[in-house]
Each structure stands twice: as C-alpha cells, then as structure tokens.
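A.B. asks: Each chain is listed here by its residues.
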Amino acid sequence: MVLQLVMAPNWCGCGVASANSTKISTNAFKMSSNRFNFSKPYPGRAYRVTAYYSLTTPPYELDALEPYMSKRTVEIHWGKHHNEHVERLNKHLKTSAFYGHTLEEMVKATYNNGSPLVEFNDSSSVWSHDFFWESMQPNGGSMPKGGVLDQIEKDFGTFTNFKDEFTFAALSIFGPGWVWLYLKKNERKLAVAPTQNAISPLVWGDIPIIGLDMWEHAYYLDYKDDRSAYVNNFLDHLVSWHSVMVRMMRAEAFVNLGKPKIPVA
Amino acid sequence: MALRSVVSRKTLAPALRHYRSLTTFTLPDLPYDYGALEPAISGEIMRLHHQKHHQTYVTNYNKALEQLDAAVSKGDAKGVVQLQSALKFNGGGHVNHSIFWQNLKPVSEGGGEPPHGALGWAIDKDFGSLEALVKKINSEGAALQGSGWVWLALDKEQKILKVETTPNQDPLVTKGVSLVPLLGVDVWEHAYYLQYKNVRPDYLTNIWKVINWKYASEVYEKESA
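For the record, the sequence lines run as chains F and Z.
Under my numbering, the first residue of the first sequence is numbered 1, with each subsequent residue one higher.
Under my numbering, the first residue of the second sequence is numbered 1, with each subsequent residue one higher.
Looking at chain F on its own, in the form it has when it is part of the complex:
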C-alpha cells in the first residue's frame, strides 16, 4: 500500500464539529481544537489522505527464476500485465464504493456471488498475482518438510498424488485460469482446484496456499503450448515450500487442523 498525501485547500476531512457552531460551512471551519496537533506547514489549509494500491515487487530478482521462468517473462508478466491490473484497479477506486477496502475484502465483496462487479477482475488479479510471485522462489520445488508434508500426505495420500492432482487440474482448465492448493475451512483439509479467469478460493471463503497462473501469458514465451512442462517445472523447481509453511501457519490461526496435545498429568 502506498499513501499519497493530497493537499486540498479549504476541505477538512476530520469531521470534528465545533461545539459552538450551529451551522458548519467548510470555509468557516477552523481547526481550533488542541487535541489535533499535527504540523501545518501551510497554515489555513487542510490535508486529505488518500490511499491506492501499488505494484508490489516479487521477493527476488526478475531473473532469479531462470531457467524455469525467464527474466523476459517475469518482466512482461509483472511489469506489464500485473501492473496494468494495478493501474486499472486504482482508476476504478477513484469512484468506487469499495475504496478503502483491503484487497481480500474487495475480492470477496465484488465477486458478488457469481455476478461480479466491475472492480472484481482487477482486484482479484492484483491479489492473485501478488500471491503468485510469493508462491515461487529461486531454488524452489523439491519436497516440503515437516508439518506441511504431513498435512499433504494426510489429505492426498502421497506427495506424488498431490503433484498429479495439481497437474491434472492445471491442464483441465478451458481458457484462462489458475490452479490452487487451498485449505478448506469447513472440511479442515487441503484440496486442489482449478478456477476460470481471475477467480480464486477467496471468493468461496477458503484459504489459498499455492497459486499457479495458467493464463497463456504466464508461460507462452518460455514453453509455447507445452503447458505440462510449465506445470512440472513449477512443481519441481519453483514452488516455495517456505511460503507454503508460512501460509499454513497463518491458516491455522483460523482453522483447527489437529487435536491439541494436552499433556496428561
């Protein structure tokens, strides 16, 4: 989030009514109360703080995912596609009722149970792409360890089964979409699901754990039409099990995944 300080002469957004006034006119309002003591380099004027979204940077250099995802792909995918969604979202927010919402809230609210509002596409794309870059790391892939591996084996049987299910779901999508490993809140287990266009498990109330962009722009420059090579390389070399662990830890604050270990005296 980036905060922009906007100077707006003769407009005070703090909404403090002077106890002595019966009619409040913005021109006549004086910030006379001593409670608010912020510095005013421009006496007689007031400030309005606005906040819009910005393009968050992936937690690695743009060429760090080579050779499995080229620098050129990351530059264009992040710098053009992801950036375009951020800019379009901010444009909507200038006049949208959802200004001020967190991204997650906005995605859920603008999905509107399947009749998405105009802000949905861009807000969900911004959220999903932030999530996507953080789902990967240089020297990723291989195997998860510890609690994450235990949970995957519990819910998929074996780690290989999980990989097969994830790959099958990724290749089953008709058109642009995403494939997710996510935590089902009610069933308290991990599952894999494909989604269309910009939809994510956020819209149906579950907790995403891994997100893989299956839009053509995500892989076409590197893999052309060979989607299975893209998905296999993601699973074997890019997916960040560290991110998965952190996300699972956070998810456990909302979902009870196991029996508590109560020591018996």
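These aren't lab readings, by the way, just hints derived from the structure by calculation.
Remember, it's a predicted structure, so these values are computed and weren't measured experimentally.
Even for Gly, the Cβ is constructed at its ideal location relative to N, Cα and C.
Mixed in with the good hints there might be a few duds.
What the hints assert, rightly or not - Ranges of calculated distance between the beta carbons of each label pair, as one might list FRET restraints:
no., chain 1, residue 1, chain 2, residue 2, range
1, F, Glu-75, Z, Gln-145, 18 to 24 angstroms
2, Z, Gly-75, F, Leu-117, 41 to 47 angstroms
3, F, Arg-250, Z, Thr-24, 24 to 30 angstroms
Go by the hints and put chain Z onto chain F.
C.D. replies: Frame of chain F; chain Z shown alone:
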C-alpha cells in the same frame, strides 16, 4: 476372409442396423504457407496456432464426440450433459479456427484489400465507414478480458451487421441463433503473444493487412440472399 465365414449375414445384420457411424473431424489445411502472412502474423505463430492449438481442439473434440456417442447410446443423460462444456470448448475451437484460416489471406493474394460490393455498402450503412468498423472491432478486441474472439456478424433476421465478442471458444451462434460469422479475430494470447507480447492493440492494428474481405463478402452475399 476366415472371419466372414464364421460370422453369418444373419448375425451381422442386426448389428449393422444399430450401428450409427460417428463423423469425426480432421485438421483442415491452410490455404497458404505458414510464413505467408508475415510481417502481420509471424510464421512461428501460424505454425503453432495451426499444428498445435487447432489440432488439439480437433483431437479433443473427436474424443468428446466418441464419449457423447457412448453416453447417448447408453441413455446416460447425466453423462451427455456433463460433456457439454468439453463439446462447446473443443468443437467451438475447431469451428472458430476453421473460419479464422479463411479470414486471412497473404497480401500477394488480396489480403487487406477493402470490401467492395454489397458488403462494402452494408458496412457503410451500419457503421458509417470501414474505418469506423475497424476501430470498433479493435476497441472491443482490446477490451476483452481473458480469452475470446471478436466477430463481424450478419444478423440474418434483422438484416444488419453487428460486432460481437464471445469468451473462450464459444462460437458466435451462442450470442444469437441468427448470427452468421463473416470475420472472426482470435484474441487468445496464443494468437499474438510470441510476436506482440502483451500489446494486443498492435496485433489488432496489423491484422487488417491480411484480412480476407473477399471471403467475408462471399459469405455475406450468400447469407443475405
């Protein structure tokens, strides 16, 4: 051969009566070389688009048709309905791309030449000018979120030309049963990404240099007769 003598006509006949042959589809040939549309569309894109993408739609459409045939024969209503999205996606992909290859023509063979005759007049009547039509198709194509097609359509019932978009591989007819496709522009990323990257508007600007208006005119004249 040996089998024929074992299987008599009597046992074959009932089987033949119930046998309904399934028409499967094959990838149509392009009426020009892969590189013939350069520099508007690169040869690499044309080759991949035709040999990989369109071929995959044909293959998967045939598979879905076989599964449909089996489900229909068994009276498996649930199975039939479940196959609908695969049929629409892959069948639509085959239908749309077959039209698309006809919509393109190398410059040396008349690609890019503006429409004359009945279609030219209809465009002027319904859109004002060819430039206005191109501008409308380009802006709708650029604005399409995700994947899909943008069409110049003839509405046979209302007898006017329209610009429509369809998502994914939905054929034009899903937007209206009386719509006939005259021109379709594929705005899936695989249609332009290797050459134009994310700049879809440049692809749309350049594709007009190889659009086959002669084919569109022929379809228009045939369908508006």
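A.B. asks: Check the structure against each numbered hint from earlier and tell me which ones fail, lowest number first.
C.D. replies: Violated hint (a single one): 3; every other hint is consistent with the structure.
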